[in-house]
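Protein chains in written order, with my numbering: chain A, 1 to 231; chain B, 1 to 93.
If you are wondering where the hints come from, they were derived from the structure by calculation, not from laboratory data.
None of the values given here were measured: they were computed from a predicted structure.
C-beta: ideal position from N, C-alpha, C; glycine also.
Fair warning: there could be bad hints in the mix.
Claimed, not checked - Pairwise CB distance ranges, derived in the manner of DEER restraints:
| # | chain 1 | residue 1 | chain 2 | residue 2 | range |
| --- | --- | --- | --- | --- | --- |
| 1 | A | E141 | B | V57 | 17 to 25 Å |
| 2 | B | A42 | A | Q53 | 38 to 46 Å |
| 3 | A | Q53 | B | I24 | 44 to 52 Å |
| 4 | A | L47 | B | I65 | 46 to 54 Å |
Okay, here's what each chain looks like letter by letter:
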Amino acid sequence: MRLSPDEMIFWQYGLFKLNGTVVFTWALMFVLAAGSKLITRKLSTGLERSRWQSLLEIVVTGIEKQIQDVGLRHSERYVGFLGTLFLFVALASLCTIIPGYEPPTGSLSTTAALALCVLVAVPFFGIKEQGLGGYLKSYVEPTVIMLPFNIISEISRTLALAVRLFGNMMSGTMILAILLTITPLIFPIAMSVLGLLTGMVQAYIFSILAAVYIASATRVRKPTPELNVKR
Amino acid sequence: MDSITLIAIASIVTAGLTIALGSIGPALGEGRAVATALSSLAQQPDSATTITRTLFVGLAMIESIAIYCFVVSMILIFANPFWNHVIAQAAGK
Numbered sequence: 001m002r003l004s005p006d007e008m009i010f011w012q013y014g015l016f017k018l019n020g021t022v023v024f025t026w027a028l029m030f031v032l033a034a035g036s037k038l039i040t041r042k043l044s045t046g047l048e049r050s051r052w053q054s055l056l057e058i059v060v061t062g063i064e065k066q067i068q069d070v071g072l073r074h075s076e077r078y079v080g081f082l083g084t085l086f087l088f089v090a091l092a093s094l095c096t097i098i099p100g101y102e103p104p105t106g107s108l109s110t111t112a113a114l115a116l117c118v119l120v121a122v123p124f125f126g127i128k129e130q131g132l133g134g135y136l137k138s139y140v141e142p143t144v145i146m147l148p149f150n151i152i153s154e155i156s157r158t159l160a161l162a163v164r165l166f167g168n169m170m171s172g173t174m175i176l177a178i179l180l181t182i183t184p185l186i187f188p189i190a191m192s193v194l195g196l197l198t199g200m201v202q203a204y205i206f207s208i209l210a211a212v213y214i215a216s217a218t219r220v221r222k223p224t225p226e227l228n229v230k231r
Numbered sequence: 001m002d003s004i005t006l007i008a009i010a011s012i013v014t015a016g017l018t019i020a021l022g023s024i025g026p027a028l029g030e031g032r033a034v035a036t037a038l039s040s041l042a043q044q045p046d047s048a049t050t051i052t053r054t055l056f057v058g059l060a061m062i063e064s065i066a067i068y069c070f071v072v073s074m075i076l077i078f079a080n081p082f083w084n085h086v087i088a089q090a091a092g093k
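Turn these sequences into a full structure, and let the hints steer you where they fit.
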């Protein structure tokens, strides 16, 4: 029983291994990039739109609205990063319908890489919005004693993102593998539907949590207004 | 009892106990979270989208505790370094 797609080796040359995680990630990247390129070759702004363009518009405006609901006002700056996170994880779990496919997010390396991207993106957007001094000052809010706790919370948030996504995807594929050896007829199909649902929810959760972390790093810290009391 | 048997017993028992005890807390927490979300939805149906989104985010954070326990359990069964070590020693002898 395979613990992760890391163990499916397609090709090996010395230390360089082409395992299942890498190959399926490349396949997903190719599908996303080539599909978008094909659809956006002839964009129309009139009333006549192809259905693929409408599909992409629904997806992009939906993601922008969700980002705005979380609290990031200028969502067009963040929709590239957060939208890519959501689409990659969602497509990775949606393609489990295809036989022979294992989601690359079922390997801790992929989810750790995605969590590290979020870890780098939060200070990046924070410094872009508030400048280096303003962002670093947010670590000593509300008092200086909180500095180690803030740093620890950054690291543990990243770890939690990686392990949450990994655990959910791996448990989906493992349940399926176990059930196929016990009751191979109908029950694995029900569990695979459940796996699809949790995959979509986890994609949404991953990108929404990344949006919340970026929102907390970029929010404007207004000084508290003084109360003017006329005596 | 030699070390191979001891490691096997400890790993199996701990793996079962980890996931058994580790899923009690998150299950209770998620039940309370959904119950509170349902009562606030009944009180304010207009903010249904905000409540639902916050509920999902909260459920994911609670669920991750159970996921940590599951990952530890899987590591003990499938990727156990102590087991691999003693097996390699026994195979080498």
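Check each numbered hint against the structure and report the violated ones by number, ascending. The structure conflicts with no hint, since it agrees with every one listed earlier.
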